[in-house]
Amino acid sequence: MRRIAPLILLLLSSAYAPLQAQKYFGETGFAEFESRAPALTFTGVSNNLAGLIDLQTGMVDFYLDLTTLDTGIALRNRHMRDSYLNTRNFPFAEFTGTFQFNEPAVDTLLQPRPVTATGVFTIHGISRDRQVEGTVQFTGDGTGLVLEASFEVALEDHNIDRPRVVFYELSDIQRVRIRIEMEQYDE
Amino acid sequence: MMNKSFGKAVIFAVLTLGLVLPVRAQLERRMVVQDRPVELTFMAPRSINLLTTEMLSRGEMHYAIMHSFGELENGWRNFYGIDNGAVIRFSLEYGIADDFSVFVGRSGLDKVFDTGVRYRFLRQMEDGSMPVSVALTASTGLNSSEYNFLGSTEFSLYDRTSYYAGLPVSRKFSDSVSLQLTPMMARFNRTGFEISIPSDARWYYGIGLSGRYRITGRLALTGQFIWSENDLGDAVRNNVALGLDIETGGHVFQLFFTTTQSLNDAYALAGRNGNPMDGGFRFGFNVNRLFMLHR
Chain A
1 MRRIAPLILL LLSSAYAPLQ AQKYFGETGF AEFESRAPAL TFTGVSNNLA GLIDLQTGMV
61 DFYLDLTTLD TGIALRNRHM RDSYLNTRNF PFAEFTGTFQ FNEPAVDTLL QPRPVTATGV
121 FTIHGISRDR QVEGTVQFTG DGTGLVLEAS FEVALEDHNI DRPRVVFYEL SDIQRVRIRI
181 EMEQYDE
Chain B
1001 MMNKSFGKAV IFAVLTLGLV LPVRAQLERR MVVQDRPVEL TFMAPRSINL LTTEMLSRGE
1061 MHYAIMHSFG ELENGWRNFY GIDNGAVIRF SLEYGIADDF SVFVGRSGLD KVFDTGVRYR
1121 FLRQMEDGSM PVSVALTAST GLNSSEYNFL GSTEFSLYDR TSYYAGLPVS RKFSDSVSLQ
1181 LTPMMARFNR TGFEISIPSD ARWYYGIGLS GRYRITGRLA LTGQFIWSEN DLGDAVRNNV
1241 ALGLDIETGG HVFQLFFTTT QSLNDAYALA GRNGNPMDGG FRFGFNVNRL FMLHR
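First to last, the protein sequences are chains A and B.
If you read the first sequence in my numbering, its first letter stands for residue 1, the second for the next number, and so on.
If you read the second sequence in my numbering, its first letter stands for residue 1001, the second for the next number, and so on.
No wet-lab data here; the hints were simulated from the structure.
Keep in mind that the hints are not guaranteed to be accurate.
Stated by the list, open to error - Here are some, though not all, of the chain A residues that point toward chain B, as calculated from beta-carbon distances under 7 Å:
no.	residue
1	N47
2	A50
3	D61
4	I73
5	D82
The C-beta atom is built at its ideal place from N, Cα and C for all residues, glycine as well.
With these hints in hand, go ahead and build the complete structure from the sequences.
So, in structure tokens, the structure goes:
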């Protein structure tokens, strides 16, 4: 048994070390949505986007605490949280899935490389399969990773009610843009 | 007996897996702020006639325009009071701090300019650590009407001044139901037939009851009852109002039927009220809009 113990340690270390080296994590990412309606265009921003990306397995997992979104007007924020997103019951927007590089032969991420992420996007408790286009690249010093992506969210797809009476101030289609810098995850 | 080295190895392996596996799977979802205050007890800083505990944030400007038309009993020829014209009040409120704001307003009834402050010193929390929100409102009004018809009787600055104080205490009982009690008092330095309050009393005391029942995320039924302590018979009736709030993404519209044409707080307490049992209601509406002047 004495001989087996180091072997177990060695196996565990060798099994996880390469994967850990490919993981990147951040929790101060930027997220913005824009609503363009006939009578009103406004944006909401947050700097609390959290994300994990694993270059080796292709796994991506992001979430945003929706209570941190700021549209610039506190009463509108409260209405957004309370009347539209129902953040008491559904506090997060989430995307979990996998990604792949759009071009083969990945050997460097010094330049932005287009990627496509496929997974499940959830907001307001309603999940939808989504495909999201974006780019990833290493940060300038090469120790981190920058991911940028943009996509559209239809409120109707997620049962976020938008009565006809408010159509002129709130668009059904929200344009979402994210940018997050992630550091190499190292236990 | 298990070998000690093997035991240590197993413990190390478990600890290692424990650290690594959660990260390999989904991230643990964590709220940025854990203890959140209860929000939107009411849809706007004012519900029908009365100020609520909904405050502005620092740097926000709240613009409101309020209307109160003629009594419904004027009938269809006067389009149920619409043809009688409206008393209108404009107001601007600015958030100096998140829980402290100043406001100015001007109402057509007695051509009153009013200015005041609001300060919320308790806020209901979602975790129940604070069950209610409490704010203090204080204002003063200046009657700017022309009183030349009084002849030689002087109508001084003192005579034209009135004061108001209210202490709204609100609680959001559920996503649908909110209630607010507002102990309130008003002082008019001069009363008489020449101003639009029906009694000669200088001091007025009462309790306002405001309620909201949310029908959908953006629609809510509202109600208001102002009980007056002043025992003046029919001269000062209690105020009754029923309304509908509509939130549109940028504005909050408030449509209501009320027994008073008064639009500021002091006059809502001391002003004349129609008889709710005898068609004494009148239509009114408020439009609320907020702007961010600076962050």
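Each hint tested on the structure:
| no. | hint | verdict |
| --- | --- | --- |
| 1 | N47 | violated, 10 Å |
| 2 | A50 | holds, 6 Å |
| 3 | D61 | holds, 5 Å |
| 4 | I73 | holds, 5 Å |
| 5 | D82 | holds, 4 Å |
Of the hints listed earlier, the one the structure fails to meet is number 1.
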